[in-house]
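Mapping of the sequence shown onto mature numbering (1 follows the signal peptide of the UniProt record, and there is no 0): residues -21 to -1, 1 to 59, in sequence order.
Please note that a few of the clues may not be correct.
To be verified - Derived DSS-like pairs: lysine-lysine, alpha-carbon spacing no greater than 30 Å straight-line:
1. LYS7 - LYS44
2. LYS34 - LYS44
3. LYS34 - LYS53
4. LYS7 - LYS34
5. LYS34 - LYS21
6. LYS53 - LYS7
7. LYS21 - LYS44
8. LYS21 - LYS53
9. LYS7 - LYS21
Keep in mind that the hints were calculated from the coordinates and are not lab data.
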Amino acid sequence: MRTVALVALLVLAALQPGAQAGSCRESKLCCPGRDSSCVVQKAPINAIIEDLSDKPCYCDHACLKLGDCCSDFKDACGGE
């Protein structure tokens, strides 16, 4: 019974928005300028992206201009 409860708790934690949305803070990423390696992959690299929320997001300052920042970039990295 405890195992079932633990598995259920882990599944619920994985379904939280922050776990799927991509986070600079959680990934410990903040890069100056444009850096294509400063990316948070939300889906496996070779996966077919069916949902636009699965697209990778970036934690470099160029993301502000390109519009592909992770949702917490400004708070985590001080972008304006």
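Hint numbers contradicted by this structure: none
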